[in-house]
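Engineer: Letter by letter, the chains look like this.
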Amino acid sequence: MMQIISLLLENKPGAMMRVAGVLGQRGYNIESLTVARTLDPEVSRMTIAVDVETAQRQQVIKQMNKLINVLQATDLTELPNVVRELVLVRIRVPQESRQAVLKEAEIFGGRVVDSSTEGFVIEVTADPEKLGEFIDVMGSYGEIEVARSGALVIALEAKRLKLQPPVPTKKLEEVY
Amino acid sequence: MSTLMSGAKMLLECLVREGVDCIFGYPGGVTLPLYDVLYEHHVRHVLVRHEENAAFAAEGYARTTGRVGVCCATSGPGATNLTTGLVDAMMDSIPIVAITGQVTSKLIGSDAFQEADTFGITRPCTKHNFLVKKIDDLAQAIHEAFYIAASGRPGPVLVDVTKDALQAQGHYQPVTSIHLPGYKVFTEGHTGQIRRAVQMVQESERPLVYAGGGIIAAGAAAELREFVERTDSPAVNTLMGLGALPSEHPNFISMPGMHGSYAANMAMTNADLLIALGVRFDDRVTGRLAAFAPHAKVIHVDIDPAEIGKNRAPDVPIVGDVKRVLAKINKLLADDKTVVPAAARQEWWRQIREWKEQHPLQAVTSETEIKPQHLMAEIDRLSKGQAIVTSDVGQHQMWAAQLIRFAEPRLWLSSGGLGSMGFGLPAAIGAQFARPDKLVFAVVGDGGFQMSIPELATVVGYGLPVKIICMNNGYLGMVRQWQTLFYNDRLSSVELDCFPDAEKLAAAYGFKGRTIDKPWELGPALEEAVKEPGPYLLNVKVTPFECVYPMVPAGSAIYEMVLGPPQPVEVP
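Quick mapping for you: the protein sequence lines, in order, are chains A and B.
Position 148 of the first sequence, counting from 1, maps to 132 under our numbering, and the rest follow consecutively.
Position 143 of the second sequence, counting from 1, maps to 216 under our numbering, and the rest follow consecutively.
A hint or two may mislead.
[Said to hold, decoys possible] Straight-line alpha carbon distances no greater than 30 Å define the calculated BS3-like cross-link-like pairs of lysine-lysine that follow:
no.	chain 1	residue 1	chain 2	residue 2
1	A	Lys(-4)	B	Lys404
2	A	Lys143	B	Lys383
3	A	Lys46	B	Lys401
4	B	Lys457	A	Lys146
5	B	Lys429	B	Lys444
6	B	Lys604	B	Lys614
7	B	Lys370	A	Lys46
8	A	Lys50	B	Lys206
9	B	Lys257	B	Lys179
10	A	Lys154	B	Lys404
11	B	Lys429	A	Lys46
12	A	Lys50	B	Lys591
13	B	Lys614	A	Lys146
14	B	Lys257	B	Lys206
15	A	Lys46	B	Lys604
16	A	Lys146	B	Lys179
17	B	Lys401	A	Lys(-4)
18	A	Lys(-4)	B	Lys179
19	B	Lys604	A	Lys50
20	B	Lys82	A	Lys154
21	A	Lys(-4)	B	Lys444
22	B	Lys457	B	Lys591
23	A	Lys50	B	Lys370
24	A	Lys50	B	Lys444
25	B	Lys257	A	Lys143
26	A	Lys154	B	Lys257
27	A	Lys154	B	Lys179
[Unchecked claim] Below, a sample of chain B positions facing chain A; criterion: calculated Cβ distance under 8 Å:
no.	residue
28	Ile221
29	His244
30	Tyr245
31	Val248
32	His252
33	Lys370
Quick caveat, the hints were computed from the structure, so don't treat them as lab data.
Ideal placement from N, C-alpha and C gives every residue a C-beta, glycine not left out.
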């Protein structure tokens, strides 16, 4: 099973690269990665699904927390959470299959966002496993092109974010 | 006085405010504005001959003083040449700030002349890096860079400044505070864990202190000594920790690990409590992890939480500044009334003394040729534990670590984690600038020396009385040793022939050099080098096929040491 990591990081250029770099340098394959702003415009939330063996997962989180731009990195794999992903599927269907395809979309709770003589574009939001099933089903009806958003996760229990306060310059003299 | 000034001038003002008195660098096109300000500035700029050596010299300065070393290079190739030094500082946790020029902001990404993605290239090899495109961001970036470099687990920080930012005009406002919401430094250890640690130490029968570079970074030599003496524990120092405890201290065994002493490795293996202070359980020290210290409980004190539990799960993890943690532990020990198991401890010391006697680290000598160990012993004799000794990388580094003694920290400068050849001479340059009063030996091999020959010009140009002692065995010694031991003596590309005549080479640069190859010449030649008021190059031709022992082969446990050359088999 993938490790699901949820991070809060500073919304600065290069911050995302630093996090991805921690994984890339160790040769871990990133299955999906999403990042977007939070309520605070200076802070982004990033969700990564990455293939890391269980023994190394804690070390990966610690290495991410070491990064200056990362405010908080949490391993959500085992914690109670809700996972969702969005997919847009463009499907080419012959006339006779159109109804069947619409019925399948309805079963998965999908919405048709585009319709033409060629076929449809259908949008579905569900947990990634269900999404995988939907894509397989669509694929059986005709030629498809798929755009997945990547998993988004939110923990069911709030975790207090501890931010470091400003350090006045006089105190810095103690450091050197 | 107007605070309006150019970005270049502002950068210098910021450096002065950070207490910088010395920058090692090499100018270029985009750093011209900076060098123009440096022209009549009181901050000293040391011109090296290769940017890699600017980074190594900054490291030498930082390792000697504990303060942040500064190096400077231009954009493109200048910046990329700093990379090895940055990775080296990262691996050994040395605080340096590298300032690189970058092409004008609007040219970034257009493959401009001497443009490189310095920000991207140095991202994995710095603790943090900055790209400054606007003069208004400059003061904050420099202040944060120095803070990040020096605090917590020290490390390298790079600030990439565009040419237009250096040329722009702005008002200099000294930064009064730093806000890095995501940067947490853990200084105080957990009180409960500290108490548990004290209890475990008092109850242990075979304790061993395993101390390293973290003690030196924290300036905790005094606290370490007090701890060792209060608990009367034996102690080992890693390569990075040599000098943390004075080499002459009765409790000091020696260095453990791949080329550590027999006694140190046996002590590690048989201890029932490992007190790990400012170390990271590196593979060179532990050997095969599954077989490392199998009977020991572990107390691990480190300022970097990611190191705790990385290679060995500790029984008592303590995240904090080892100086503060040790101070607290010492205070608790002073009041502690627990009776220690004296008989078991006496037996432990007896065992350690026995191991030391069985296979001591020997200064092997010969009547006819100079043994490399003999060279190190002679340097030790002249140093008396007081000289600054930098080393390059290889066999000479291991013999120097085994046989040269240090009375205090920050005398031994060596590239441990990365093992970058070419480190020895530029680090000595940095050290000599930091401590002009000290005798500085740059102990190098013929391989590493040839990587740093350009800096002979720097040594002579600034009149640095560095004593360059080249242990010359005509080979890339350590690689040759592995080829001999593990590749059936197939010596592939390790012969370093065509070594220059040292006397002529030194004379070509305008200083004194000499080659010796007889053991009776060793003492007098070294004394002559030390007496020489200026720099000296002593090329010492040593036995070519000597191997460093003990050796723990890769993949073996540290008790599976090879203690000497394979004995010839008697044919009946």
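Engineer: Go through the hint on histidine 252(B) and say holds or violated, using the shortest Cβ distance to chain A against 8 Å.
Structural biologist: The hint holds - histidine 252(B) has a Cβ within 8 Å of chain A, the shortest such distance being about 4 Å.
Engineer: Check whether the Cα positions of lysine 154(A) and lysine 179(B) lie no farther apart than 30 Å.
Structural biologist: violated, 37 Å
Engineer: Under the criterion that the straight-line Cα-Cα distance not exceed 30 Å, is the pair lysine 146(A), lysine 179(B) satisfied?
Structural biologist: violated, 38 Å
Engineer: Given the hint that lysine -4(A) pairs with lysine 179(B), test it: the Cα-Cα distance must not exceed 30 Å.
Structural biologist: Between lysine -4(A) and lysine 179(B) the Cα gap is close to 19 Å, so the pair holds against 30 Å.
Engineer: Taking 30 Å as the top limit, are the C-alpha atoms of lysine 614(B) and lysine 146(A) close enough?
Structural biologist: violated, 60 Å
Engineer: Keeping to a limit of 30 Å between CA atoms, is the pair of lysine 46(A) and lysine 401(B) held or broken?
Structural biologist: holds, 26 Å
Engineer: Check the hint pairing lysine 50(A) with lysine 591(B) against an upper bound of 30 Å on the C-alpha distance.
Structural biologist: Violated - the C-alpha atoms of lysine 591(B) and lysine 50(A) are around 53 Å apart, more than 30 Å.
Engineer: Would you mind confirming whether the straight-line C-alpha gap from lysine 604(B) to lysine 614(B) stays at or under 30 Å?
Structural biologist: holds, 21 Å
Engineer: Take the C-alpha atoms of lysine 457(B) and lysine 146(A), compute the straight-line distance between them, and say whether it is at most 30 Å.
Structural biologist: violated, 50 Å
Engineer: Is the Cα-Cα distance between lysine 604(B) and lysine 50(A) 30 Å or less?
Structural biologist: violated, 48 Å
Engineer: Quick one, is the valine 248(B) hint okay against chain A at 8 Å, beta carbons?
Structural biologist: holds, 6 Å
Engineer: Is the Cα-Cα distance between lysine -4(A) and lysine 444(B) 30 Å or less?
Structural biologist: Given that 30 Å is the threshold and the Cα spacing comes to 57 Å, the pair is violated.
Taken one by one, the earlier hints fail for this structure at numbers 1, 4, 9, 11, 12, 13, 15, 16, 17, 19, 21, 24, 27, 29, 30 and 33, listed in ascending order.
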